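Chemist: Residues per chain are reported as follows:
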Amino acid sequence: MTDAIRIRDLTWRAGRDFAIRDLSMTVPTGAIYGFLGPNGSGKTTTIRLMLGMLPPADGQIEVLGHSVPRFAHRALARVGFVPERLHLYPMLTVEESIRFHRAFYPAFDDAEAERLRRRFGLREEQLVSRLSKGEAGKLMMLLALAQRAELLVLDEPTDGLDPVIRREVLSALVEYVESRAATVFISSHLVHEQERICDWIGVMDGGRLIAELPMQEFRSGIKRLRIAQAPPTQDAAPFALLSREALPLRDEEWVVRGWQPGMREWFQRAGAEVRDIQDLDLEDSFVELLRGARDNAEETR
Amino acid sequence: MFTQILRTQFKVTRTLVAAFAVTTFAAPALAWRIGASGGYPGTPSALAVRAGFEPVGLILMSAACLLGFLLVAVPWNVDGASRHVYPLSLPLPWRRYVSMRFGAGALLLLLPVLSLWLGALVTLALMELPATLRAYPGGLAIRFGFASLLVYAFTFLLQYLAGRRAPVILLVLLIVVAAVGVLGAAVGAGRGAEQFFRLITEWPGPLSIFAAEWRLVDV
Amino acid sequence: MSERRALACAVGAAFVLALVAGTPSALPAQSADSLRARLGRVSAARALADTTVRRLEQERRARRTARIRSGGRTVAYDPALLTPEDSGGIAAGLALGLDRLVERFGEEGRTLVDSATWVAVGIPWWFGQRRVELRTATSGAAESLHLPRPLDPERVARFVLQAAGASLAPSSPALSAWSPWSVSLAGEEVRFAEAGRELALSWAAVGRRCSAGSALACRRALEPVPGEDRLGLLFDASDWRAVVTASPLPALTDSIFFSRRRACLAGDDPACAQIVARLTPPDPFSGGMRATLIMHAIDLGGRDALRRFRSSTEREPVPLLAEVAGVSEDSLIMSWQRRTAVALAAERRGAIPLSLSVAGWTLLLLGGATFRRPR
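Chains as they are written, first to last, in this note's numbering: chain A, 1 to 301; chain B, 1001 to 1219; chain C, 2001 to 2375.
Please keep in mind that the hints were generated in silico from the structure rather than gathered at the bench. Since the structure is predicted, the reported quantities are computational estimates derived from the model, not experimental observations. One should not assume that every hint holds.
Heads up, incomplete: computed chain B residues facing chain A, CB under 8 Å, no partners named [unchecked claim]:
(1) Q1004
(2) V1078
(3) L1090
Residues of chain B clear of chain C, computed beta-carbon distances all greater than 10 Å [to be verified]:
(4) L1149
(5) L1161
(6) V1168
(7) A1212
Chain A regions said to be covered by chain B (calculated; three or more residues, Cβ under 8 Å) [stated by the list, open to error]:
(8) 87–97
(9) 103–116
Glycine residues also receive a C-beta, built at the ideal position from the N, C-alpha and C atoms.
Model the full structure from these sequences, guided by the hints.
Modeler: Following this line, the structure appears as structure tokens:
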């Protein structure tokens, strides 16, 4: 199976304050890849680089087998893109927007567009500038889905939408993926939303990809441990320590990634004892992951 | 694709284009009413008619500059509001997209040009031209079209190369050109200034179109 | 006289001449005043030219001046203000100009500039630069030329041809009053176009008819016409309103005259007819237009034109110029009329080169615009 998106050693810089550094990422074909990260972590910039809207300073990007930015237009012909903010022409009506978009995508499915328009309750003669945020989101999703894209790149597609509309949009997306076996790259900071639909997770922070793993592994591999007589260092540990905190009675609380049941023995060998193991939900895991990454970054500095 | 780009561009600039079409249609008639028909009652002399139509050239030159500039600036601002995400995400090479956008704007320039031509024809049909004078409605319309196309192309280049910095660069350029011109006129053009102006205003310089005859009525 | 004042005088003379030559023809309503003003300015320019001759001669004799010698001609200059390269450029241009004159008119050509005084002036200019001006004057005509650096001998040579022509009309009693304007031998079609424009826009019917191709009208327009005959010979009824506006008021006017004049200007044709007979309209044609006939006759006359010009005993301008040209009066006038028409038409040509230029620039600008994508 080839990868829908392959990024290697991507570097990009904007002024002094922000940079994407040595970003490598792989999105397998057919995956629903959740791209998590706090605001300002570089998710949108990575997407713009990925679609050839920004020229990288260094590194390689391949989307659907096409090198980007050189052949971005070839890749874009097979990509449905929903940006974080409304990008359509405000003076066009819904019907004109559909007609405009269709002109650029030979595989555009008129019947599907009409079906989605009715389903989303969009009126043909409505001006784009007069659409509510939810309606604008639905129109952008309609266009991305009706063009029969092999890869959907969605940048915060449900951000700011009310739960009803969010559910409508997501269910249309899931139906599409099921029927067409498309790959989806969905960027969001809404962790619970990702948890429901994604099978891969990538986490960005400060312009770096700090984790990339299957959802299952992400969900079950991050644990909170209560340790008695914790060893001073965790060198040669079979897991990654994300954080450690002292508790009363000389106990410590460790948050670790890549935990497997047989790893208790490592503590025993170090003279420590694992008293309690807690599963973290995705949001907690995400927070701990970020905290660990930031602590590490500070230590390295 | 091109039709859709043209249609969209038209929707963005239709008020602007319509305003210029009305202006260019009315300019010859207004000049005739205000300028050329003044003076003596009855048949005005050739000199009076020619002089009376003189403001048309100036009005049209200014209109051509403004039209060319606005026809780039207005659609650019619409795209700029969404940081050009839509054009950049369309599946076609950037050069092709830019060329189509350029072509669409250039086609829209034709409306005021045609309107000027028709306005000039109507005005000429309503008046009696002295025997030694000739009318140049086509020539004037073509000059207007070329001038607006040139300003359009220049603004287009500036806007697409300099982006948000374009207005500042344009302002600086205008100030430099005006300063060179004013200094040249005030103290006698130095060789550099003189050569610079000759270079840009004489054929095949970029501004030679503005130095050409812009008269609707001439000998 | 200081260099600066000398410059001011020469520039003033050039400015007055340029003003007279370059001012677009005024509306008929202003013609009387403007023509009077023009005549005044031309006389002033001639007087100034004579003064300039004397002044330049004084400058030449001044202690500080040095000499550029070329082809027997001497140009006075201040060595402190003119570089050797400047004087070299002037000498080369002078020689080139004289060669052209000799080539066109034989040794007669050389004599045209023999009587002229030449001065080259280097004036301190911006940022330590100097400006070079070449001035010349003969009796009745003064010319000056600003020369950009490095000096282009070709420009100096053209100036020599212009200056050589400047002395022609004033040197002939038949022509000096008829056309006090300077004549250029540098082949300036733009002046023929200007003459063509003056005819076509003329407020006198003969001018317009000449522009349309009438030989008789052209002859009328070119021949000197005494003031009292002008109304009948040069104008027709359609011009009367313009004549009323342009003519000076007659010596004895009464309220009836004024009321008829007002009625005439308000559109009452019979009122115009009643008062025009009492008016003496000014000359509707400029010396500049007539000067082009002199230029045309010399061009037609070829190598012997100057010799014939000098030896002619004709007292009337048109016969004199026909003799200079070596053709009949009618063919001189008609070929002149055609030349003005052709020069005028040539000014309007150039739509295709202009289109190519705009197309080229547009493509270049569009090509540039595609290089960078917005971010």
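Chemist: For each hint, tell me whether it holds in the structure or not.
Modeler: Tested hints:
1. With its C-beta approaching chain A no nearer than about 4 Å, Q1004/B sits inside the 8 Å limit, and its interface hint holds.
2. The interface hint given for V1078/B holds, since its Cβ lies 7 Å from the closest Cβ of chain A, which is under the 8 Å cut-off.
3. Evaluation of the L1090/B hint against chain A yields a held restraint, the C-beta minimum of about 5 Å falling below 8 Å.
4. Non-interface status of L1149/B relative to chain C is broken: a Cβ of that chain comes within 10 Å, the nearest being about 6 Å off.
5. Residue placement check: L1161/B does not keep its beta carbon more than 10 Å from all beta carbons of chain C (closest about 5 Å).
6. Against chain C, the non-interface label of V1168/B holds: every CB pair exceeds 10 Å, the least being about 16 Å.
7. With 10 Å as the threshold on Cβ separation, the claim that A1212/B sits away from chain C is violated: the shortest Cβ distance comes to roughly 6 Å.
8. A stretch counts as covered by a chain when three or more of its residues have a beta carbon under 8 Å from one of that chain; for the stretch 87–97 of chain A and chain B the count is 7, and the coverage holds.
9. With 3 residues carrying a beta carbon less than 8 Å from a beta carbon of chain B, the stretch 103–116 of chain A meets the three-residue requirement, and the given coverage holds.
The structure shown violates the earlier hints numbered 4, 5 and 7.
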